[in-house]
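Number of protein chains: 2
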Amino acid sequence: MIGRLNHIAIAVPDLAAASAKYRDLLGAKVGAPQALPGHGVTAVFVDTGNTKVELLEPLGELSPIAAFLIKNPSGGMHHICFEVADLAEAAAKLVEGGARILGDGTPRIGAHGLPVLFLHPKDFDGTLIELEQLQSP
Amino acid sequence: MIGRLNHIAIAVPDLAAASAKYRDLLGAKVGAPQALPGHGVTAVFVDTGNTKVELLEPLGELSPIAAFLIKNPSGGMHHICFEVADLAEAAAKLVEGGARILGDGTPRIGAHGLPVLFLHPKDFDGTLIELEQLQSP
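Chains as they are written, first to last, in the numbering used here: chain A, 131 to 267; chain B, 131 to 267.
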C-alpha cells in the first residue's frame, strides 16, 4: 500500500535560522519559505534528491504544531509522509485493520494540494504518519 | 554537501509487532530482522522505493536507544541519515561552522558498514542527524 516516503517534517522554533543551517552548514538545496495559512504553518522545503525535508514553523493562533513546540522548544521530528495510490482504499484497509485516523477520518487537502490523512501515533510506535494521495500522472 | 536521505530511524519497543504493522497494515516491503550487536540494536529495514525506514529495537545492555525508549515508551522517530560524498570533509566544514559532532568527533562504522557520524541534536532543531559516507561506486 504505502509507496515513496514523500517527506519528513521537522517542527522548528525559528524557520529562518533552521533554513540557514540546512543551507549553509549542511549545504542542502533549500527553498523559499511558503506561508500556508490554511495549515497553520510556514514551510521551507529541503530537496534531498530522493525525498524532502519539510521545516515547519507555526503560523497563526491555531497552528497544529504549536503544542508540539511547547513540549519540544528546540523543535523535533514531527511526522513522516508516505504516498499512496488510492487514499480512500488505504483508509478503509487501515480502519478495518484497527488503525485510527485522526480527526473525523475524512481526507483533507494537504500542503501540496493533494488529499491527505494522518494516522494515530499510538498505533505506529509513537510516530505520526501522514498518507498522501499520489499525484495523478 | 548532504545528498540523499538514506533513512529515517524509528525506535520501537517491540520490533516484531512494529514490523507486522508496517507489513500487514501499511502494506510495506519489510525485511527480516538483523541483529547488529556492535550497534546495540536489532534492525528491520522497510524499503519505500526512494529511501528506507529503519525500525530499531534495543539489543544488549548498552543499547544507544535504550534511554530514548525509557523516555518514549511507545517509541518514536529517533534520527535521520543523509549521505555525504566525503565524510571527513563534511565533518571539517561542520565543525568550522560551529556544529558539534557527537562522541570524539571521529567517524565510526555504521549499520551499513560505512563510516558515519552523528551531529548534536541541539544544533539542528532537536533532530539527531546521522551523516553516512556514500558508498564508493
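Read the hints as simulated data drawn from the structure, not as lab findings. Please note that the accuracy of each hint is not assured.
Which copy? The list can't say, so a pair holds if one copy fits it or any two copies do.
[Unchecked claim] List of simulated lysine-lysine pairs, DSS-like, C-alpha gap at most 27 Å:
no.	residue 1	residue 2
1	Lys223	Lys252
2	Lys159	Lys252
3	Lys201	Lys159
4	Lys201	Lys223
5	Lys223	Lys159
6	Lys201	Lys252
Since the model is a prediction, treat every value here as computed from it, not as a measurement.
Tested hints:
1. When the C-alpha separation of Lys223 and Lys252 is checked against a cutoff of 27 Å, the pair qualifies only within one copy, where the shortest distance is 18 Å, while the shortest distance between copies is 39 Å.
2. Within a single copy, Lys159 and Lys252 get their C-alpha atoms only as close as 33 Å, which misses the 27 Å cut-off; across copies the closest is 22 Å, which meets it.
3. Taking the closest pair of Cα atoms, Lys201 and Lys159 never come within 27 Å of each other, the shortest separation being 29 Å inside a single copy and 33 Å across copies.
4. For the homomeric pair Lys201 and Lys223, neither the shortest alpha-carbon distance inside one copy (33 Å) nor that between copies (32 Å) is at most 27 Å.
5. In the homo-oligomer, the alpha carbons of Lys223 and Lys159 lie at most 27 Å apart only across protomers (17 Å), although the nearest pairing inside one protomer, at 37 Å, exceeds that limit.
6. For the identical chains of this complex, Lys201 and Lys252 are neighbours both inside a copy (17 Å) and across copies (15 Å), given an alpha-carbon limit of 27 Å.
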